[in-house]
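Enquirer: In case you want the letters, here they are:
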Amino acid sequence: MKSFLIKGGIVYDPLNGVEGEVIDIGLRNGVIVDPSSLDPRETIVVDARGMMVVPGGIDVHSHIAGPKVNTGRVMMVEDHYLTNIPGKMGLRSQTGRTVPNVYKIGYGYARLGYTTVVEAASPPLKTRHTHEELDSIPIIDKMTLILMDSNWIALDYISEGDLKGLAGYIAWLLHATKGYGVKIVDPGADLAWLYGKGYGIDLDTQLPEYNLTPREIILMLGEASTLLNLPHPIHVHCNRLGYPGNYSTTTRTLELSSKYSTGNKISMHITHVQFTGYKGSTWATLGSGGEEIARILRRQRNASVDLGQIIFGSVTTMTADAPFEHVLFHISRWKWAFADVEAETASGIVPYRYRRRNYVNTVQWTIGLEVALLTKDPWRTFITTDHPNAGPFTKYPRVIAWLMSRRAREEEMKKVNRRALKKTALPAVDEEFDFNDIIIATRAAPAKLLGLEDFKGHLGIGAQADIAIYNIDPGKVDPSRDWKIVEKALSRAEYVFKDGRIVVRGGRVVEETYGSTLYVKPEIPEDLSKTIVDKVREMFPYYYSIQYSNFIVDLSEIRKPREIPVKTLL
Amino acid sequence: MPRYFIQPKKEFHVPVDARSMSPDNIKGKSIKEILELPVWEGNSRLRLGEIFEVSCSPEPEDTVELIIDSSNKIRYVGYKMSEGRIIIEGEAGCFLGYKMKGGMMIVRGNADSWLGSKMKDGIIEVFGNAGDHLGSKLPGEKPGKGMSGGEIIVHGSAGSYIGEGMSGGRIIVEGSSGIMPGYSMIGGSIFIRGGCNGLPGARMVKGKIVIGGVVPRILPSFHPDSVLSKGKVGKWAVTGRILLLIGDSVVGGRGRLYLNLDLNKYLEELAELLEVGGVEAW
Amino acid sequence: MTSTSIVQEALEEKLGERRQLEILLVTGRSLVQGMSMEAEGKRSRRYRLSASTLSLNPEDAQLIGVEKNSRVRVETEHGAIVVNVSIDPGLPRGTGFIPMGPWANAVVCPLTDGTGMPKYKNIPAKVRPTEEQVPSVEELVSIITGRRVDAHPVELDLREGEKKIIEDFVCPFCGDLCDFIKVHLNGNIVEKVVGACPLGSSKIRNYHRDRIVKPYIRSPSGLLEECTLPKALDKAAEILASSKHPLIFGLSSTVNEAIIVGVELAEYLGAIIDNTTVVCHGPTTIGVMEAGAARCTLGLVRHLADLILFWGCNPAEAHPNHFKRWVIEGGKHVKGRKDRRVIVIDVRRTATARMADEFIMVEPGKDYELITALRMAVKDLDIEQSTVAGVPREKIYELADALRSCKYGVGFFGMGLTMNEPRYRSLEELIKLAHDLNDWTRFTVVPMRGHYNVTGACQVSTWLTGYPFSVDFMRGIPKFIPGLTTATDALIRGDVDAALIIASDPVAHFPRKAVENLSKIPLIVVDPKWSLTAMIADVVIPSAMSGVEAGGTAYRMDGVPLRVKKIIEPPTGVMEDHRILLEILSRVRRLRGE
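Chains as they are written, first to last, in my numbering: chain R, 6 to 575; chain X, 6 to 287; chain V, 14 to 607.
Rather than coming from a laboratory, the hints here were simulated on the basis of the structure. Bear in mind the structure is a predicted one, so any value in this text is a computation, not a measurement. Glycine included, every Cβ here is placed at the ideal spot set by N, Cα and C. Be careful, since some hints might not be right.
Listed next, the in silico DSBU-like pairs over lysine-lysine satisfying Cα-Cα at most 30 Å (straight line) [claimed, not checked]:
1. K177/V with K535/R
2. K493/R with K419/R
3. K264/R with K93/R
4. K420/V with K202/R
5. K139/V with K176/V
6. K244/V with K420/V
7. K213/X with K270/X
8. K15/X with K177/V
9. K526/R with K540/R
10. K351/V with K202/R
11. K104/X with K93/R
12. K15/X with K125/X
13. K202/R with K270/R
14. K93/R with K248/V
15. K526/R with K579/V
16. K15/X with K34/X
17. K540/R with K408/V
18. K345/V with K248/V
19. K248/V with K147/X
20. K533/V with K176/V
21. K202/R with K392/V
22. K85/X with K150/X
23. K270/X with K93/R
24. K270/X with K104/X
25. K540/R with K337/V
26. K150/X with K392/V
27. K420/R with K213/X
28. K535/R with K420/V
29. K169/R with K419/R
30. K392/V with K408/V
31. K169/R with K392/V
32. K213/X with K392/V
33. K540/R with K572/R
34. K270/X with K195/V
35. K348/V with K540/R
36. K32/X with K15/X
37. K535/R with K345/V
Label pairs and their in silico Cβ distance ranges [unchecked claim]:
38. D532/R with K348/V: 56 to 62 Å
39. S399/V with N216/R: 28 to 34 Å
40. I179/V with G268/R: 55 to 61 Å
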């Protein structure tokens, strides 16, 4: 494999305290090395003068593969009619708008300079499908979070108060599915949905069947996760998503994060906080709860959020929050696909459109930006659009422009619903992220949140050689004023290295490679492991419709598995 | 304006994508330039001149006219055309006049499916038969994404699902049609002089469907509104009693479905609920 | 006045004069057809006897003076065929049934109305007694294809050896993908199969019969000539590389790993790639495109379903373990069969109907009207007609109420709905009915998928191309237009100039016109067994039997992904589908100068 020397670039590497310095970066065999150790005869020099050199981007929450994504593709068939790019020079053809095919996803992320993406939610029983589909996505490294809040076996442990058992089960489940972390979606809603309930449940709503509330579920899963010392904290989609006034559910959920955390680590990640950041009591009185959430988030240093920022235009909403999607179906009255998964979870898919003139959509649009700008902690506010729910991932550079430039926001605000803006704080917000903040929020912080900061999200020696080079000189461009230039540059990376190979050049994908699938292997004591396996084996034929041995995803099924061993506290 | 003659150089055994054959693309071009236009013969991307002969007649026409000696393998002729005239000698392939915006097309023989799909304006006249999904939207699209304007006239018969999802325009079929004409339509009108294979106007919201002949099955979600003694459309009159039904109630639709009571005796059961009304001209 | 009673009147008129019976012909799966297909193969007597038989109502048979084993000539607008008679008291008058196969397909309607699905059911037919002989499958296929039917079936050498019991084996037959099967092996002999239904058992136990073990190329003499594998692969690559619009079809009886390569090959060639969904649940899938879905995994049927509907499907014959696993077995909230209400809606009293609590007979081809009336009843709209689709209005109101007031209802549906004239419109409506019902209770509708990995084929196609089936890469980008890119229509129109058929048998299952056109183009077949298509192919490449000799991923009808296993080595020199396709792809690349 070739070695490269990236020469003269302006480096942003927040994990190593580098902020806009000119540093040469050396890479060999897929890893970053000391440039002086490179053999000049075998090294290709990449002239990065006047360009920004940063680690490859990491997206902590995106729906890119799995059963509901695929059903979304079928249902939104018309999305594929006009959005085709033929494959050239060894690349495959790309199609799709809101739910693209695997090639459009992989190439799309690569062009943006992203090299790692987390699939946000997978039902354990169908995670083999998620992995198969992830394996077809080129270039990026990936991992998947595993849905657990309505899982019958987990709920059995939770209702018995058996924390160790729960921790053991989570460890077993993550390893059986080759998953990466614990996903919680409107906790308990999918359980209630089986009984025709689950609409707008709050933290203390009594759930059917089990004597539990969502609060208890979150706390126990959080505690178990802490016991397991998982690299990624529990990943929570709050209750009452989509309901006016739900910001208070979010703030109360945030406050739970300190109840079971240890030390400074983040113990709870709340996802697409925009969708659960509404003030007001009805749609007509909707307002932004962004300020309140930012205030609580500043205090709750054990929690982090990602934005789920709205992009005006068509989307396909897809989530494990099945009852909410039923409500959305009633609002949009066109198509709806739902699927219930035995003993585990459910999902819903509904196409939608965010319109600038729409009062509600305008309020929604302000919330993500408010939370990021008012929390003022890019280490704990991640840039996402909950792709494809709030917007397509291809619009991340637009979100970045809004965060970096008040002017960019103002231009958008000219076109939106003016009445709605009065119910939000955004017009008065002056804050602007700088380049360092952006790189923190899209590289350094996500690497830490995923517990991968050893080799991802930074450019120090020994790091994985996933690097993005953008044709923009941070010293010469004022992002506040020239946000359009920033957006353009970040939309098409000048170079992207994946595991030390050039995959993007001049904004175009030039080589199709396949990344790794990361999964965790929590090491739990043998006696606990045996107890859990015995219990699961016993419950399996009753709860499930397949055999225990056929449930487990084998490593040989994954193209490039990469194990992240975890030393638990058990 | 010149008149162009386009003839295939051989018999085609695979589909030919001829979307570049429209007056908009040809207007103002020399023969040499026209021969360079892209076409697909199966998976081969070719120049038009490789598989078609093009000649031009000096007789002035009021508008650009293309006369195409076609077979049903040649698809997408007249794609997005907005002016001019196309005359198809022989059979027209699928998607003739797809997204047409204006101008006029005549097919001397039969036309295949998806004729005038998503048409915005213009006129298409087929002397033979037409296929399925005439004037329709594509699968998965919202109702209303079908034909939105213009007129399609078929002198022979047409296939199934004609006018699916249409929001405007007129479809006239002198023969009969397959099943479910006017499926999910939200506007526009469909006239079928003959019969149809059944279930007209399924899930229609608004618009008008008139069927002169035998319709073996209708939906229970269409409710009788009135009986009319006779009516006339264009140069033909529908004699006999006409039952007007409103539907499709499953989608809260107020579309109007006119059926021939004399030829469809089984509708008497419904007509009996009403009294005979007056004459209506469409 | 229903169409059946019109038929009766006509019958009475013609009685004694011409002894001709007018019926609506229905074709579909039958247990014996399925079993014999897998066991002895399609040239066997048992297959012929089952697939070349017309079942009639006893009174209809009497009307034209025929009885069991008499021969009749069945004629439709599209063709005629001579078949044997069998009597089925469960059939309503005016309806006849021929199991799917080449005899049925000689007379079914090839027109798909732009949906890809030919008209396999409710075809007006005239039946007359005859002295003519029922053609054998070879005769029939050679007449239709104009090619010499040539097969070299081999029964694999069975040798005793290591004894082992494979646990949790996944049966590779139907969409139920039973994964609790125990296979007792002795060397490469399947001694016992425990837990599988007769269809699956037949497939597994008879994996060694009727096998293709060598590659063949058809010689100018018209017969197949054995050749080396590289030669066959080269020839296949040559054919595909030089064609302008090839078709790759089948894929439902193989694993995802092979299908992924199939799509890559199609994209590279600028070909159509399609799977058997097109003549099975293609309409359902188009229904999903129009309306969405309302699904659940099968375990929830067992746990929660207190009302189960079988509409237009007959699991007793096509998915024999289905009823036992999901209806009879109990779960978390429903203890078992007694706590469920099972309703069957069909045109005839099928074997499944006999196991139900209630059977509602719907007039053939009128399911769309019935679903419409049900939607009206669920929305409390008045129905003016006294009967709809042969079902009395009161019964419709009653059924709607039952659907609204259950706790968790599940509707299974099959070809009875997809093969109806409205095709995907019926499925669109069924899905919307389920959506309407979710305003009252919980209700799902699950398609009874046929082949064991047709669901996987659709899933793979979707994530790679955006479309679940009938994908045309002619212009280098994926396109999906029912009626144009669907394999059935592409063949019927004569739009394809070469075909690669893998893991399926279109000569047995496509209408005559499609088979005629398939025979006119260079034809490559990859299959473990001598399908009828292999017998007339230009190039035959043997493959390992997926699910027995080759492992991989397959998806159950409810989307649950499982791994089918390799438990026996394939015959020497026989590769798995995935590798064969890779070999063809690399040769095509070389031919195109890469």
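Enquirer: Each of the hints needs a verdict: does it hold here or not?
Expert: Results for each hint:
Distance hint between K177/V and K535/R is fulfilled; the C-alpha atoms sit about 26 Å from each other, no more than 30 Å. For the given pair, K493/R sits about 21 Å from K419/R by alpha-carbon distance, which is consistent with the 30 Å threshold. With a CA separation close to 54 Å, the supplied pair K264/R and K93/R exceeds the 30 Å bound. The straight-line distance between the Cα atoms of K420/V and K202/R is roughly 11 Å, inside the 30 Å bound, and the hint therefore holds.
At roughly 55 Å between alpha-carbon atoms, K139/V and K176/V are farther apart than 30 Å, so this suggested pair is violated. As the CA atoms of K244/V and K420/V are separated by approximately 61 Å, the hinted pair breaks the 30 Å bound. A threshold of 30 Å between alpha carbons decides the hint, and for K213/X with K270/X the separation of about 22 Å falls inside it, so the pair holds. Simply put, K15/X and K177/V have alpha-carbon atoms about 63 Å apart, too far for the 30 Å limit, and the pair is violated.
For the hint linking K526/R to K540/R, the alpha-carbon distance of about 20 Å falls within 30 Å, and the restraint holds. Restraint check for K351/V and K202/R: satisfied, since their Cα atoms lie roughly 26 Å apart, inside the 30 Å limit. In summary, the hint linking K104/X to K93/R is supported, as the alpha carbons are separated by about 28 Å, within the 30 Å threshold. This hinted pair does not check out: K15/X and K125/X have alpha carbons roughly 33 Å apart, beyond 30 Å.
A threshold of 30 Å between alpha carbons decides the hint, and for K202/R with K270/R the separation of about 35 Å lies outside it, so the pair is violated. For the hint linking K93/R to K248/V, the alpha-carbon distance of about 26 Å falls within 30 Å, and the restraint holds. The straight-line distance between the Cα atoms of K526/R and K579/V is roughly 28 Å, inside the 30 Å bound, and the hint therefore holds. Distance check on the hinted pair: K15/X and K34/X sit about 24 Å apart at the alpha-carbon level, within 30 Å; holds.
About 47 Å separates the Cα atoms of K540/R and K408/V, which puts this hinted pair outside 30 Å; it is violated. Between the alpha carbons of K345/V and K248/V the distance comes to roughly 57 Å, so the proposed pair goes past 30 Å and is violated. Between K248/V and K147/X the CA atoms are separated by roughly 46 Å; this puts the pair beyond 30 Å, and the hint is violated. Distance restraint check for K533/V and K176/V: the Cα-Cα separation of roughly 48 Å exceeds the 30 Å cut-off, and the hinted pair is therefore not satisfied.
At roughly 21 Å between alpha-carbon atoms, K202/R and K392/V fall within 30 Å of each other, so this suggested pair holds. Our distance criterion of 30 Å between C-alpha atoms is met by K85/X and K150/X, whose separation comes to about 15 Å. For the given pair, K270/X sits about 62 Å from K93/R by alpha-carbon distance, which is inconsistent with the 30 Å threshold. Under the criterion of a C-alpha separation no larger than 30 Å, the hint pairing K270/X with K104/X is inconsistent with the structure, at around 40 Å.
Among the hinted pairs, K540/R with K337/V is consistent with the structure: their alpha-carbon atoms are about 26 Å apart, no more than 30 Å. Restraint check for K150/X and K392/V: satisfied, since their Cα atoms lie roughly 27 Å apart, inside the 30 Å limit. A hinted pair counts as satisfied when its Cα atoms are at most 30 Å apart, and K420/R with K213/X does not qualify at roughly 39 Å. Note on K535/R and K420/V: the hinted pairing is violated, with a Cα-Cα distance of about 38 Å set against a maximum of 30 Å.
Restraint check for K169/R and K419/R: not satisfied, since their Cα atoms lie roughly 55 Å apart, outside the 30 Å limit. Distance hint between K392/V and K408/V is fulfilled; the C-alpha atoms sit about 16 Å from each other, no more than 30 Å. Restraint check for K169/R and K392/V: not satisfied, since their Cα atoms lie roughly 50 Å apart, outside the 30 Å limit. Between K213/X and K392/V, the direct Cα distance comes to roughly 25 Å. Compliance with the 30 Å bound is thereby established for this hinted pair.
Between the alpha carbons of K540/R and K572/R the distance comes to roughly 23 Å, so the proposed pair stays at or under 30 Å and holds. Taken as a hint, the K270/X and K195/V pair is broken in the structure, with Cα atoms around 61 Å apart against an allowance of 30 Å. Distance hint between K348/V and K540/R is fulfilled; the C-alpha atoms sit about 22 Å from each other, no more than 30 Å. For the proposed pair K32/X and K15/X, the alpha carbon gap of about 25 Å is at most 30 Å, so the pair holds.
Restraint check for K535/R and K345/V: satisfied, since their Cα atoms lie roughly 26 Å apart, inside the 30 Å limit. Roughly 36 Å separates the CB atoms of D532/R and K348/V, a value that falls outside the hinted 56 to 62 Å. With their beta carbons about 52 Å apart, S399/V and N216/R fall outside the hinted range of 28 to 34 Å. Evaluation of the 55 to 61 Å hint for I179/V and G268/R yields a failure: the beta carbon distance comes to about 49 Å.
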